[in-house]
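*Asks:* Chain by chain, the residues run as shown.
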Amino acid sequence: MAANKQQGSYFGLFLAAATVLCAGIAYFEGASGKALLALGAIALIGSLFGFMGIKPLEGKTALKPGPEGMKLVGAAVCALGWFLTLAGIHITDSTGGRIVFALLGIAVTLVGIIYILPAAFNKNAVWKADSGASERAGITAAAKTTMEHSR
Amino acid sequence: MKKILRYSCLSLCLLVLGLALGVVAHAQTPAPAAAAPAPALSPADAQLKDAAGKAPSTADLAKGDPGGSITGTINDVPAADSKAGVTLPDVANQVGQNKIAANFIWTLVTGFLVMFMQAGFAMVESGLTRVKNANHTYMMNFFVYTCGLFAYWILGFAIQMGGSAGNSNLGGLNSLTGEHSMTLFGKTWGLFGAAGYFLSGHTYDVGVMVIFLFEMVFMDTALTIVTGACAERWKFITFAVSSVIMGAITYPIYGNWAWGGGWLSQLGSNVGLGKGYCDFAGSGVVHAVGGLTALAVTLIIGARIGKFNRDGSPNPIIGHDVSAVLIGCFILAFGWFGFNPGSTLGASANGNLRIGTIAVNTMLAGCTATLGAILYMWMFKGKPDMSMSGNGLLAGLVAITAPSGFVSTFGAAVIGFIAGVLVCVSYFFIEGFMKVDDPVGAISVHGTNGLWGVLSIGFFADGTSNYGGSWNGVTGSVTGLFYGGGVGQLAAQLIGISTLIGFVFTLSFVIGLILEYFIGQRVSVETELAGLDIPEMGQLGYPEFVFRPEPAMSAA
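Protein sequence lines, in the order shown, are assigned to chains A and B.
What the first sequence shows, in the numbering used here, is residues 1 to 151, in sequence order.
What the second sequence shows, in the numbering used here, is residues 1 to 556, in sequence order.
Among the clues, some could well be false.
As the list claims (entries may be wrong) - Here are the computed distance ranges between Cβ atoms for each label pair:
#, chain 1, residue 1, chain 2, residue 2, range
1, B, F410, A, K123, 44 to 52 Å
2, B, N93, A, M52, 57 to 65 Å
3, A, D93, B, T73, 53 to 61 Å
4, B, G486, A, A16, 51 to 59 Å
Stated by the list, open to error - A short, non-exhaustive set of chain A residues, derived as facing chain B with CB atoms under 8 Å:
#, residue
5, L48
6, K55
7, K60
8, W82
Since the hints were made in silico from the structure, they are not lab data.
Positions of the beta carbon are idealized from the N, C-alpha and C atoms, including for glycine.
Can you make the complete structure from the sequences, with help from the hints?
*Replies:* Right under this line is the structure:
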């Protein structure tokens with residue numbers, strides 16, 4: 001699909017909605033502020049669903065669905081590390097203890113970033129597929145078309 | 001008789017003349033109180049009067065002042081009461097305004113330098129991508145400025161700096177008093193600001209405008225880091241929406257916690273960890289936030305077609321323009337003199353004369369980092385690689401950004417050298433082990449070395465800086481482990497690092513997944529293979545170039 005008029009329109013709506021939403025936050029104390037907030041939020045959600053409506057027009061991408069649960073687990077592990085660090089600030093009064101908690105938190109988060117998430121996203125990566133699968137995904141055909149077009 | 005009459009007339013005339021002159025004199029100057037004697041001038045006022053008397057006249061100045069020795073005198077000090085002349089309060093007010101004016105000018109001009117870094121980023125990123133994606137990459141770097149600025153104006157600035165009142169360098173910023181906080185275990189912790197939406201209301205203030213401009217260009221630097229890591233396959237619409245969200249939410253939240261009076265900066269005053277989390281110019285706030293967001297989006301968006309073989313081994317995908325890359329690096333290094341020295345937010349008072357040290361630290365770290373990267377590549381890979389040399393320079397600059405205001409030149413040189421080696425190690429680890437495709441090395445340059453810069457303060461801060469006698473509300477200088485400061489500062493820095501990778505990365509990742517669900521992050525296979533210039537931008541970056549077929553494509 002690439003860039004098109006619909007994308008531009010929904011992006012315009014997204015920006016307008018964000019502006020109205022923020023005006024609502026800025027003047028939240030008054031009734032008009034609350035109305036602006038609600039209006040902005042509705043328009044913002046509308047723009048997102050507008051984007052979703054035209055998303056299938058993009059065509060096939062070089063991404064394959066991966067294990068969604070593993071991605072969420074990875075994100076949760078990353079956040080867990082941070083919570084450990086936060087907890088350490090209050091659990092102990094000693095600086096050394098807080099350093100230990102911070103290092104533990106960093107290590108847990110790094111497990112999520114370095115091991116779990118890449119494994120989740122690379123599990124079904126296109127580059128792992130055999131050439132036949134790539135052919136079925138239309139990659140080689142598209143490549144040939146592109147090369148001919150480029151000449 | 002005639003003689004008497006003549007003398008009488010003459011006397012009358014003299015009397016009338018005398019009266020007339022007296023009236024005129026009375027009209028011109030206030031008559032001295034007949035009874036009360038004139039109040040005696042204080043020595044200071046007397047000196048001011050004397051100086052006013054000796055000041056060059058308009059006629060003197062009309063002759064020109066080629067030596068510059070008579071321009072700028074007491075005549076240029078505005079007097080509150082012109083009849084009384086310049087007084088001591090007038091002079092004091094002028095001194096105060098001069099201080100603020102010098103700081104405004106310093107902060108604005110260094111902000112302009114940081115803004116110019118956008119050009120450097122555009123050249124580096126486009127130069128490191130293939131010619132078929134040049135227009136798209138340049139446009140992302142161009143449009144990110146608009147998206148970020150708009151988002152920061154409507155929301156981001158209020159979140160980040162809305163509670164940052166009290167900066168004496170810029171006149172107090174007293175209208176920024178909207179920090180929302182929570183009380184936990186008897187301590188108050190700042191969470192986010194809430195003053196300055198649209199720069200309206202009480203924040204329509206000269207000082208607030210200066211800090212807005214300066215903070216905005218920093219925010220934009222963070223945003224443009226992501227475009228490099230996601231180059232050559234990121235949908236333009238998703239990039240635009242993502243940039244708005246990052247400029248409005250992701251960046252400002254962490255910015256508030258570190259710089260806007262938030263909880264990280266309160267770790268010193270609340271729980272006694274050094275001077276609280278310290279990040280002088282943004283290794284963490286700007287670069288690590290940008291680099292970690294880049295990593296989050298790059299994980300979601302996947303590797304470019306042809307980047308990895310079936311066994312996972314990477315293929316080099318060479319950029320199209322060496323000159324753009326290296327000139328871009330120089331532009332960035334130039335702009336960094338705004339980034340780091342400008343972060344004093346002033347050139348006058350509060351220890352701000354340290355700007356010279358900060359500037360030298362900046363250039364030294366860039367120097368040793370370039371050496372580190374070139375030596376690493378030359379010794380372990382056989383060639384002084386161009387792209388890693390440029391990345392080495394940038395890595396050193398990134399790493400010194402946080403500690404630049406707190407370390408000696410020796411510390412800066414060591415921090416830089418480690419950064420130069422680290423960027424190479426990190427790049428090959430991220431590509432080889434994690435199988436993450438980062439076309440320009442942005443994750444290693446900004447993410448890894450941003451974290452290293454934050455950490456290095458805990459070791460290398462030498463305790464000689466003095467920005468008004470305290471930092472983050474804690475009296476004394478920032479001092480690291482190697483200079484007798486104990487481990488308190490190190491602990492605060494580690495908590496900051498944990499927050500960066502645990503909170504900022506996770507938030508960016510979740511936002512990225514939401515955008516993937518609603519909009520889709522990646523262009524189609526056809527678009528990617530054709531190059532993004534025509535499908536996404538409508539025209540080629542270099543229309544007269546002839547593309548070669550890429551072997552990697554058929555291998556895919």
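*Asks:* It remains to establish, for every hint, whether it holds in the given structure.
*Replies:* The hints, checked one at a time:
The beta-carbon spacing between F410/B and K123/A, approximately 47 Å, falls within the hinted interval of 44 to 52 Å. Between N93/B and M52/A the beta carbons are some 60 Å apart, a value that agrees with the proposed interval 57 to 65 Å. As the Cβ distance of D93/A to T73/B is approximately 60 Å, the hint placing it in 53 to 61 Å holds. For the pair G486/B and A16/A, the supplied restraint of 51 to 59 Å holds, since their beta-carbon distance comes to about 53 Å.
Because the closest C-beta pair between L48/A and chain B is about 5 Å apart, less than 8 Å, the hint holds. For the restraint placing K55/A at the interface with chain B, the shortest Cβ-Cβ distance is roughly 5 Å, inside the 8 Å limit, so the hint holds. Annotation: interface hint on K60/A holds; nearest CB of chain B at approximately 5 Å, less than 8 Å. Because the beta carbon of W82/A sits about 3 Å from the nearest beta carbon in chain B, less than 8 Å, this interface hint is met.
Of the hints listed earlier, there is not a single one the structure fails to meet.
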